[in-house]
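Q: Read top to bottom, the protein sequences are chains A and B. One point on numbering: in UniProt numbering, the residue at position 172 of the first sequence is 172, and numbering is uninterrupted. One point on numbering: in UniProt numbering, the residue at position 319 of the second sequence is 319, and numbering is uninterrupted.
No lab work stands behind these hints: they were computed from the structure. Be a bit skeptical, because a hint or two may be false.
[What the hints assert, rightly or not] Dumping the calculated BS3-like pairs for lysine-lysine here, alpha-carbon to alpha-carbon at most 27 Å:
1. B:Lys197 <-> A:Lys89
2. B:Lys6 <-> A:Lys195
3. A:Lys221 <-> B:Lys407
Being a predicted model, the structure only gives us computed values, none of them experimental.
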Amino acid sequence: MTEYLRMSGVYWGITAMDLTGSLTRMDRESILEFMRHCQHDCGGIGASQGHDPHLLYTLSAVQILTLFDNLNTIDLEKVVEYIRSLQQKDGSFAGDKWGEVDTRFSFCAVATLALLGRLDAIRMEEAVTFVLSCMNFDGGFGCRPGSESHAGQVYCCVGFLTIVGRLHLVNADLLGWWLCERQLPSGGLNGRPEKLPDVCYSWWVLASLRMLGRLCWIDSKRLRTFILACQDEETGGFADRPGDVVDLFHTLFGLAGLSLLGETQLKPVNPVLCLPEETIQRLGLHLQLLN
Amino acid sequence: MHGRVKVKTSAEQAETKRKEREKKLKLYQVASAAAASKRANGEFDKEALEITQNILEQNPDIASLWNFRREILLFWEKDRQEEVQEVLSLELPFLESCLRVNPKSYGAWHHRAWVLVHAKHTDWAKELRLCGAFLQKDERNFHCWDHRRFVVQHAGIPDTDELEYTSQLISTNFSNYSAWHYRSCLLPRIYPDPEQKGRVAEDQLLKEYELAQNAFFTDPSDQSAWFYHRWLLGRAEIEDAITCVYVSKPLQTVLVSFSKPVNLRNEEDEAVLFVDSRPFPSKWQVPDKRSTFSHVWVCKLPPGLLEGETLQHCLHVSWKDGRLKKECLLYPGSKESWCQDSATDQKLFSLELSIEKSSVLRAEMDSCRQLLDLEPENKWCLLTCILLSRVLDPLGHASKTLTWFKKLLAVDPLRTGYYKDLRSKYQVEDGLLCMEYAETRVLHLARKELTSLFHLDLMVLVTHLDVSGNCLHVLPLAMSCLQCLQVLHADDNEIEDIEGVRNLPVLQDVCLKNNRLAHLSQLQPLTSCCRLVSVELGGNLVENLPDFYTHLHELLTHTRPV
Ligand SMILES: [Zn+2]
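Please model the entire structure based on the sequences and the hints provided.
A: This is how it looks when you write it as structure tokens:
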């Protein structure tokens, strides 16, 4: 029932495994075999066989193949062509040929191209202009121009600007304040004012603060306690909140959050691409964060 | 994946549940196999619409099935136009029922927008009412807000109507952050400030202050209005400008600083240097030798260009095709010269205040202080008092501000790091203003509880910087802006990273006593300071390393560290 997002599921699972140092326990060959069936003629990659191509799963696929150091499993030139074809006149990106525009897709586009070393393939100035047109009164970012700020979207836009070397265009003090106000008395972080805390936001908010060089603006100890309270004793996975059902998505972002907080049992994670830092270094990718 | 409580179940219950799930899965698998085979065989028929509808009713997030439905409708468009319009009109109630169960489904909202655009007789007014109904159920649903903006655009609804809508929502519930957000988009469009792009004209701005104040007086612990108020207090975007041109004869360099980071290597942003009216083919470099965008750029001049003790030289920088320029004169006999905009004149740290605005803000300050008497622990009110005092008269309120910060740190410990950094920023601003009033190039920032350094790009002319007795952990990379720095006092901090002293060309004396430097490698940045005369490192762990001073001398062969 989850094959409509399986590619991302695989990415969440194997990245979580790699952060805990257990990637070798995954069946690499069968994952690569699965991936060979997901690329379409247009170059885009679907969530699983029989599902339509989309930037979300194209990024997940490239992240997985980067982790496995096996990028040539798919046709990379076609991936680049696919991403290029989805850039709109105003610089934004549609998620697929059906035209839904969202700053999440701007992030997917440049994150994928950065991993492939092909940032030159798109019209960068226009892409930057579009993302900036989604900046709001609180310094945050939304899905489209005029959309309310949301921590997930903030992560995408701050990540986008980091990848393309324009982080100075963010009002870091203002946005940092909005982000650190996401921390609630429980220690957990929410994604917007007046919302409940959620483990996945420990990643979206924390990674954004890290990119802005302002990680110390929240209380790390309290956040760590909250994330650990979301771990299920029976299965070891993480849920959105203490006592809820666990899933792969929150397990990865729980672990990634703990890694950013300096958990020594985990590999250090890269705050921009949510892959182990060692993987990013292997690629020789240099992402300049604020200090 | 969100908000599903894990319940303990007996083995029997678990078994029933498992069976239920299995049954559901079977049905789903059969249906999706049927849909897939129809799609593969090009059977774009009514049955395909029925099958996909049944699945999407259960799970509207399966994007490929929405795609299939659109393919069918586009396929019919050629010769079955009437049927297409009929299906499109039925699509709306179907989507409405999907969204009622799953109001956050990206796929369903996107399909709805697609249907509305493709239907011939879309009733946009009805659609706007639907948005209203959904927002009544969940006033923060950002999918629905985005859909509303899409509808407003297509229906040609005037911004003023939408502003009225936000006023209504805010009057019934002050903590509707989404509505405040929407106001911040609408106001600059309806009442644009003629002089400041993206800001609101003054008379409307004053009304908004009142609205925000009403809100936070009604519920002082609600964050929405406070966030909005901070936006109202904000300033227009900084305009492009050359803020300083500096020339040094002994160093044979020209330095230019800008109001915001720029990339002079970018062709459109090219800056041309004229020496005595002749264009000089300049190769601009960033002081940190790394960044692509920088506030400060430096250019080496060839030896001999500024020769002649009795000659006056004119250095002129032209930017943006000559629209922006600045020049400085190097008089006969002088070693250096500069032309810099003052922070006071530029209103860098305060607001442009008209008489109306300053009287409104003063009144607001009074009411916030009254509120503070009633609610001495209210962090939002404390922070707003600080922000207002910064806008009105930073130096005049300096000591009161520090008291408020102390209180803030006590009542909101989760954000200790933020408040300390903000206090540091204001301390640096005050230090810069004092330096400017004193007309010196000596910046005193010692013992100010600084946790970070701010505004380094405004310190390009500083020759002496004292930041000792603070809580700094790093001398950040951005310190490379301080190209005139000769003496740096940074004793008694918690510094473990001195990357910021790298590439400071005239740095002579560095005091780093009692910090957290523990390894020789941490001192490496000093090796790039070629005029270094003395370095003080007493009270650092690194001093206890065997043969430390021998190693240090090896590291800094050209210096005489004390
Ligand atoms: Zn979540």
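Q: All hints, please: hold or fail.
A: Do the hints match the structure? See the list:
1. B:Lys197 <-> A:Lys89: Judged against 27 Å, a Cα distance of about 24 Å means the pair holds.
2. B:Lys6 <-> A:Lys195: Given that 27 Å is the threshold and the Cα spacing comes to 21 Å, the pair holds.
3. A:Lys221 <-> B:Lys407: 22 Å, holds
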